[in-house]
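Those protein sequence lines, which keep their order, are chains A and B.
Each residue of the first sequence is one higher than the last, beginning at 1 in the numbering used here.
Each residue of the second sequence is one higher than the last, beginning at 273 in the numbering used here.
Check each hint, because a few of them may be wrong.
Unchecked claim - Calculated pairs, DSS-like style, for lysine-lysine (alpha carbon to alpha carbon, straight line, at most 30 angstroms):
#1 A:Lys165 to A:Lys101
#2 A:Lys264 to B:Lys371
#3 A:Lys40 to B:Lys455
#4 B:Lys371 to B:Lys455
#5 A:Lys264 to B:Lys455
Just so you know, these hints were derived from the structure itself, not from any lab.
Quick caveat: nothing in here was measured; it's all calculated off a predicted structure.
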Amino acid sequence: MAQPRSGRLLFWCGRLVVVAVLGFMILPAVVVGIAAFNAKALLSFPPQQLSLRWFVNVFTYEDFQVGFRNGLLVTVAASSIALVTGAAFAFVLDRYTFNAKRVVEGLLLAPLVVPHFTVGLGFLILAAQIDMSRGYGVVILAHVVLVLPFVLRSVQISLSNLNPKLELAAASLGARPGRVLLTVTAPLLLPGLFSGWLFAAILSFNEFTASLFVTSQQTQTLPVAMYNYVREYADPTMAALSVLYIVATATLLAVANRYLGLGKVLNVEHTR
Amino acid sequence: MKTQRRPFFGLFATPGVLVALLFAGAMVMVLQFSVRLQIPGSLDVGGFTFRNFTAMLHPLYARVFLDTLWLCVLTAVFSLVLGYPLAYALVRSRRVAVKSAILIITVTPLFLGEVVRTYSWVVVLGNNGFINSLLLDFQVIAQPLRILFTLTGVTIVLVHVTLPVVTIMLAAAIAHIDTAYEKAAESLGARPVRVFFTVTLPLSGPGIVAGLATAFAWTFSAFATPQLIGGGKVNMISNLVYQLGFGNFNFPFAASLSVAGLALTFASIAVLRLALRPLEKVGP
Numbered sequence: 001m002a003q004p005r006s007g008r009l010l011f012w013c014g015r016l017v018v019v020a021v022l023g024f025m026i027l028p029a030v031v032v033g034i035a036a037f038n039a040k041a042l043l044s045f046p047p048q049q050l051s052l053r054w055f056v057n058v059f060t061y062e063d064f065q066v067g068f069r070n071g072l073l074v075t076v077a078a079s080s081i082a083l084v085t086g087a088a089f090a091f092v093l094d095r096y097t098f099n100a101k102r103v104v105e106g107l108l109l110a111p112l113v114v115p116h117f118t119v120g121l122g123f124l125i126l127a128a129q130i131d132m133s134r135g136y137g138v139v140i141l142a143h144v145v146l147v148l149p150f151v152l153r154s155v156q157i158s159l160s161n162l163n164p165k166l167e168l169a170a171a172s173l174g175a176r177p178g179r180v181l182l183t184v185t186a187p188l189l190l191p192g193l194f195s196g197w198l199f200a201a202i203l204s205f206n207e208f209t210a211s212l213f214v215t216s217q218q219t220q221t222l223p224v225a226m227y228n229y230v231r232e233y234a235d236p237t238m239a240a241l242s243v244l245y246i247v248a249t250a251t252l253l254a255v256a257n258r259y260l261g262l263g264k265v266l267n268v269e270h271t272r
Numbered sequence: 273m274k275t276q277r278r279p280f281f282g283l284f285a286t287p288g289v290l291v292a293l294l295f296a297g298a299m300v301m302v303l304q305f306s307v308r309l310q311i312p313g314s315l316d317v318g319g320f321t322f323r324n325f326t327a328m329l330h331p332l333y334a335r336v337f338l339d340t341l342w343l344c345v346l347t348a349v350f351s352l353v354l355g356y357p358l359a360y361a362l363v364r365s366r367r368v369a370v371k372s373a374i375l376i377i378t379v380t381p382l383f384l385g386e387v388v389r390t391y392s393w394v395v396v397l398g399n400n401g402f403i404n405s406l407l408l409d410f411q412v413i414a415q416p417l418r419i420l421f422t423l424t425g426v427t428i429v430l431v432h433v434t435l436p437v438v439t440i441m442l443a444a445a446i447a448h449i450d451t452a453y454e455k456a457a458e459s460l461g462a463r464p465v466r467v468f469f470t471v472t473l474p475l476s477g478p479g480i481v482a483g484l485a486t487a488f489a490w491t492f493s494a495f496a497t498p499q500l501i502g503g504g505k506v507n508m509i510s511n512l513v514y515q516l517g518f519g520n521f522n523f524p525f526a527a528s529l530s531v532a533g534l535a536l537t538f539a540s541i542a543v544l545r546l547a548l549r550p551l552e553k554v555g556p
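Starting from the given sequences, assemble the full structure and let the hints guide the process.
This is the structure in structure tokens:
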């Protein structure tokens, strides 16, 4: 049966719009990809000569090396703390009622709506007030606060999909609460725990605005180092680094999509 | 044997409560700095004052507030208009490959961070950038277009930064629409255009409101984009806060601007929700 003409028209217009929007989304990535291989220091399109010198520059520029190491340290620490704290608290929220439950949950989720520059300013002042030196501690704690909501939400979704009968079965067979948690609950929550941790880690590694406020020259993370580079130099080194970033992130997400189903994690899969 | 009524409660709740207290502490610091006097040349603060808030009424600052609000509104609207078709295609496409491609293209920028994304746009929009080179080569223009350091340029990049999250929120809303309603409308003879505008679009109302509110809040918290694309010509409150803190070491004023900004965002989102209330009450 032929579709009515209006339907076909809508269908093709829709397709055209979708392709155009996708083009807008990937345009900067493509352009940066071209710029990264340009031999000359001045940006020009199309490049006259190709070269890998900017990629070499990325790996030999000292601030990027230091930033990468600092970023890795902060990311590993912050995402691990956020994972343990967030998962444990999601469990408590799911199972128990207690005083100020909504208040604590609200405070933990608030960094989703409070601008990062405000959070950064707050931690900067807090660290100065309690005479904490501007070391890694304040950077890690600020990152924990910022990425925790993602772990919390991710584990909450997993917990609400959990079949309580499985835990009851284990308990009725005589398993102590600790054993139920370790052998039944935790394994069932693994996908939620992993995706929560992955999101937290990626977001922490890329966090910029709050980091700009709380890092010092010694503790600056990679995004802060990149920002400083862009302000000082105009050569395509940043383009080369951006390409590495884009490729690494897209690969990571494609793998996550293959094994975890990003659609399910992001809750955009058809449910009915 | 003593059975625990609430196994792990204390152990599991404590770290979360500590993190919540830490965040609350940081916010209280911002609040209390916002009503303190600045001591020039010192990071310590003086006594209680409301002067920081009255100083904001100066036209210079009022202008930044208005620009910020306007950019938030523009970004939210454009993100909605561009994000809806994308979200619709993401949810309703039948081909798994198409779905995955849209998902990866949409979600990747979300994780790249503001610096990489903004820098990429500098390369696209700059005077020697991609668009200007292209237009000059094809002799469409004689002089490079000035897009960097303009409101248009900042809006384009802000939309690019906000579009992914809006798309994801809209997609979640569209995914939860029961297709039976659409089929019912179709079987009663409604054309696809009519089905879309009278059934699908209204049913995704809650997603539209949530998407707009999120876009608004995200845009408000953008810093690297207005800083690098605006280049001092277009400023948002975030840039002003940084400038006052690290340029003038006036942390009390920076704090009061943050507080006023936060109040403004929450008020705007509340107004938005109120105005769009009819959209939120849909479905069975």
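Okay, the hints, checked on the actual structure:
Annotation: proposed proximity of lysine 165 of chain A to lysine 101 of chain A holds, straight-line Cα distance about 25 angstroms (limit 30 angstroms). Distance restraint check for lysine 264 of chain A and lysine 371 of chain B: the Cα-Cα separation of roughly 12 angstroms lies within the 30 angstroms cut-off, and the hinted pair is therefore satisfied. This hinted pair does not check out: lysine 40 of chain A and lysine 455 of chain B have alpha carbons roughly 58 angstroms apart, beyond 30 angstroms. Proposed proximity of lysine 371 of chain B and lysine 455 of chain B is supported: the alpha carbons are some 22 angstroms apart, at most 30 angstroms.
With a C-alpha separation of about 24 angstroms, the suggested pair lysine 264 of chain A and lysine 455 of chain B falls inside the 30 angstroms cut-off, and the hint holds.
Violated hint for the displayed structure: number 3, the only one.
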